[in-house]
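Construct all of the structure, not just a fragment, from the sequences and the given hints.
Going down the list, the sequences are from chains B and R.
Position 35, counted from 1, in the first sequence is what the numbering used here calls 49; the numbers after and before it change by one each time, with no gaps.
Position 274, counted from 1, in the second sequence is what the numbering used here calls 276; the numbers after and before it change by one each time, with no gaps.
Among the hints, erroneous ones may be present.
Once the Cα atoms are required to be at most 27 angstroms apart in a straight line, the calculated DSSO-like pairs of lysine-lysine come out as [claimed, not checked]:
1) R:K14 to B:K51
2) B:K51 to R:K124
3) R:K83 to R:K124
4) B:K51 to R:K258
5) R:K173 to B:K38
6) R:K50 to B:K51
7) B:K44 to R:K173
8) B:K44 to R:K258
9) R:K84 to R:K112
10) B:K51 to R:K173
11) R:K84 to B:K51
12) B:K17 to R:K15
13) R:K14 to B:K17
14) B:K38 to R:K42
15) R:K11 to B:K21
16) B:K85 to R:K11
17) R:K11 to B:K44
18) R:K112 to B:K85
19) R:K8 to B:K44
20) R:K112 to B:K51
21) R:K258 to B:K92
22) R:K217 to B:K85
23) B:K38 to R:K11
24) R:K11 to B:K92
In case anyone wonders, no lab produced these hints; they're calculated from the structure.
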Amino acid sequence: MIKTDVKIVNKAGMHTRPASSIVKIAARYKADFFVEKDGMKVNGKSIIGVMTLAAEQGSTLELIFDGPDEKELCEEMKSFFERGFDEM
Amino acid sequence: MPDSLKDIKEIKKEFITVDFFYNECRDRFKLTKITSKKIKPGLNLTEKNLHRPGLALAGFVDLFAFNRIQIFGNTENNYLKKLSAKEKTNTLTRYFSFAVPLVIFTDNNKPTSEVLKLADEKDVPVFTTPVHTTRLVSLLSDFLDDQFSVQAAIHSSFVDVYGVGLLFCGKSGIGKSEITLDLIERGHRLVADDVVIVSKKAENVLMGSGTSLVKHFMEIRGLGIIDIGRIFGIRAIRYQKRVEVIVELETWDSSKSYERTGLDTHLINILGVEIEKINLPISPGKNITVIAEVIALNYLCKHYGYNAAKVFEKKLTNRIRQNKNGSPNAVESKFKRNTEYFEHDFE
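If you want it as structure tokens, here you go:
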């Protein structure tokens, strides 16, 4: 299991389109993927789940990966967050 | 333990702000704030219990639960009225030297000017309500119990099927949302899809609801986001429901043994509440929606005292006993067909 913290850097926050990209990336991997914000932990493969967090710019999320390809998923996901969901 | 229930994270509020309390309860309990100062930002309520400060006013402050909501009923108010001016000042000064979060005067009682002056000095908001003390205590306890209850977000779909709360769990993509949609189409009611917030109510009750953001929206793969309330109307949705049966959907695993008789009820512990759980293997051609309806109806049967598995077991045991005793018609009755012909009825 890998746990890592990421920050939301883009202005619009984790809105519908990035949420959709996040679940699409996660769906390509076998590993389980969870996102946690302010004590609320949701399944990162569910778009409704990811959107429930309503993560705003500047907020910190914990990403949790668990499964055979967790390392690869973690790298791709972390990079996607760091790039500001390609909205920067 | 199913994956979606294995590592649920409990959320528990450490406090609610007094400001939040007032906003939520103003209309609910007919509260009016009568202190002139604004509620201090950062003034928190950390206790879900209430306190009637009779003894503290009388001078016994050893175990004074000052950090709870303070309820002044007729007793407290009349006691204060009875005191001489000097006694009253002493009593109230001592009382307000504790960090009281808020005070409520019930039954239309009005606090005296001394109370209001001291409360304002110490930044303690004082409220009045026409509600009777015992009634208010019971209503407030309910509200605070709910606010401070243990909660958790579960990745699942939650539907009211014939009045029974069925919570569908299972891996991403197994078809929880599709079954939910099918059930809604057949006239059942959606509570929440994908993210269900469960909270413990009373000792043995688990309540489930959606989040205020997502309520009654759901995602269908290949289609996107849809609004169930809009499409199917008011009859298709509800806000909250008691969780009664957990249905765990999984792909058929031939190495696993599934319940065949229904004699054993499997229980699972969620937030300290035991809930019945059914493992439902999915394979092509299986109508999970109908099975879900039958799960709900069978649950109701059991609730009303009829357990099909037990009734059948009893019949079987009787027949075995008959066969063993070699009763006269044992051979004939052994494989007796269930036929009952009416006269000339050969249909």
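Exercise. Are the Cα positions of K14 of chain R and K17 of chain B separated by 27 angstroms at most?
Worked result: holds (22 angstroms)
Problem set entry | 27 angstroms limit on alpha-carbon distance, applied to hinted pair K217 of chain R and K85 of chain B | violated (34 angstroms)
Exercise. Are the Cα positions of K84 of chain R and K112 of chain R separated by 27 angstroms at most?
Worked result: holds (15 angstroms)
Exercise. Regarding the pair K17 of chain B and K15 of chain R, is the alpha-carbon distance no greater than 27 angstroms?
Worked result: Holds: K17 of chain B and K15 of chain R sit about 24 angstroms apart, inside 27 angstroms.
Problem set entry | Hinted pair K38 of chain B and K11 of chain R, Cα distance within 27 angstroms | holds (24 angstroms)
For this session: Verify the proposed pairing of K51 of chain B with K173 of chain R, using a straight-line Cα cut of 27 angstroms.
Result: Judged against 27 angstroms, a Cα distance of about 22 angstroms means the pair holds.
For this session: Quickly compare the C-alpha distance for K258 of chain R and K92 of chain B to 27 angstroms and report which way the hint goes.
Result: violated (37 angstroms)
Exercise. Do the alpha carbons of K83 of chain R and K124 of chain R lie within 27 angstroms of each other, as the hint requires?
Worked result: holds (21 angstroms)
For this session: Decide if the proposed pair is consistent with the structure: K11 of chain R and K92 of chain B, CA atoms, cutoff 27 angstroms inclusive.
Result: holds (23 angstroms)
For this session: Would you check the hint for K38 of chain B and K42 of chain R, treating anything up to 27 angstroms between C-alpha atoms as holding?
Result: With Cα atoms ~46 angstroms apart, K38 of chain B and K42 of chain R exceed 27 angstroms; violated.
Problem set entry | 27 angstroms limit on alpha-carbon distance, applied to hinted pair K51 of chain B and K258 of chain R | violated (36 angstroms)
Exercise. Does K44 of chain B lie within 27 angstroms of K8 of chain R when you go C-alpha to C-alpha?
Worked result: holds (18 angstroms)
Comparing the model with each numbered hint stated earlier shows that hints 2, 4, 11, 14, 18, 20, 21 and 22 do not hold.
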